[in-house]
Amino acid sequence: MDPQGNLVDDFVFDSGKGPLSKRVLHVRNAPSPGATSSLAIAKMVAKEVKARFSI
Numbered sequence: 438m439d440p441q442g443n444l445v446d447d448f449v450f451d452s453g454k455g456p457l458s459k460r461v462l463h464v465r466n467a468p469s470p471g472a473t474s475s476l477a478i479a480k481m482v483a484k485e486v487k488a489r490f491s492i
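In this text, residue positions in the sequence shown follow our numbering: the first is 438, and each later residue adds one.
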């Protein structure tokens, strides 16, 4: 669900606020069971981490 209360169809990446926001990545709206698509999910998370944290 987004901040306006709408349902979202895909993953939501959020770093939160505060001093740890530059070191934390939350993955919300991850479907279950995630094991069937774990490699695809890992690829999406890796891309997001690379973009957000300049790795």
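It cannot be assumed that every hint is accurate.
Stated by the list, open to error - Beta-carbon label-pair distances, calculated as ranges: (1) Lys487 / Asp447: 27 to 33 Å; (2) Ala467 / Gln441: 30 to 36 Å; (3) Leu476 / Gln441: 19 to 25 Å; (4) Lys487 / Arg465: 15 to 21 Å; (5) Ser491 / Leu444: 14 to 20 Å; (6) Ile492 / Gly442: 31 to 37 Å; (7) Gln441 / Ser475: 18 to 24 Å; (8) Val445 / Ala488: 26 to 32 Å; (9) Pro456 / Leu476: 19 to 25 Å; (10) Met438 / Leu462: 27 to 33 Å; (11) Asn466 / Ala488: 25 to 31 Å; (12) Pro440 / Leu476: 17 to 23 Å; (13) Met438 / Ile478: 27 to 33 Å; (14) Phe490 / Gly442: 27 to 33 Å.
As the list claims (entries may be wrong) - Straight line, CA to CA, 16 Å or less: simulated EDC-like cross-link-like pairs of lysine to aspartate or glutamate: (15) Lys484 / Asp451; (16) Lys487 / Asp451; (17) Lys480 / Asp439; (18) Lys459 / Asp439.
Just so you know, the hints here were simulated from the structure itself, not pulled from any lab data. Heads up, the beta-carbon is just placed ideally off N, CA and C, and yes, glycines get one too.
To see whether the hints hold, each was checked on the structure:
1. Lys487 / Asp447: 27 to 33 Å: Check failed, 18 Å falls outside 27 to 33 Å.
2. Ala467 / Gln441: 30 to 36 Å: 21 Å, violated
3. Leu476 / Gln441: 19 to 25 Å: 32 Å, violated
4. Lys487 / Arg465: 15 to 21 Å: The hint (15 to 21 Å, Cβ to Cβ) holds, given that Lys487 and Arg465 are roughly 19 Å apart.
5. Ser491 / Leu444: 14 to 20 Å: 32 Å, violated
6. Ile492 / Gly442: 31 to 37 Å: Since Ile492 and Gly442 have Cβ atoms about 33 Å apart, the given range 31 to 37 Å holds.
7. Gln441 / Ser475: 18 to 24 Å: 30 Å, violated
8. Val445 / Ala488: 26 to 32 Å: 19 Å, violated
9. Pro456 / Leu476: 19 to 25 Å: This hint is violated: roughly 32 Å between Cβ atoms.
10. Met438 / Leu462: 27 to 33 Å: With Cβ atoms ~19 Å apart, the hint is violated.
11. Asn466 / Ala488: 25 to 31 Å: 18 Å, violated
12. Pro440 / Leu476: 17 to 23 Å: With Cβ atoms ~30 Å apart, the hint is violated.
13. Met438 / Ile478: 27 to 33 Å: Taking Cβ atoms as reference, Met438 and Ile478 lie about 19 Å apart, which means the hint is violated.
14. Phe490 / Gly442: 27 to 33 Å: With Cβ atoms ~30 Å apart, the hint holds.
15. Lys484 / Asp451: Satisfied, since the Cα-Cα distance of roughly 14 Å is no more than 16 Å.
16. Lys487 / Asp451: 14 Å, holds
17. Lys480 / Asp439: 23 Å, violated
18. Lys459 / Asp439: Violated. Lys459 to Asp439 sits at ~21 Å, over the 16 Å cutoff.
Comparing the model with each earlier hint shows violations of hints 1, 2, 3, 5, 7, 8, 9, 10, 11, 12, 13, 17, 18; every other hint is respected.
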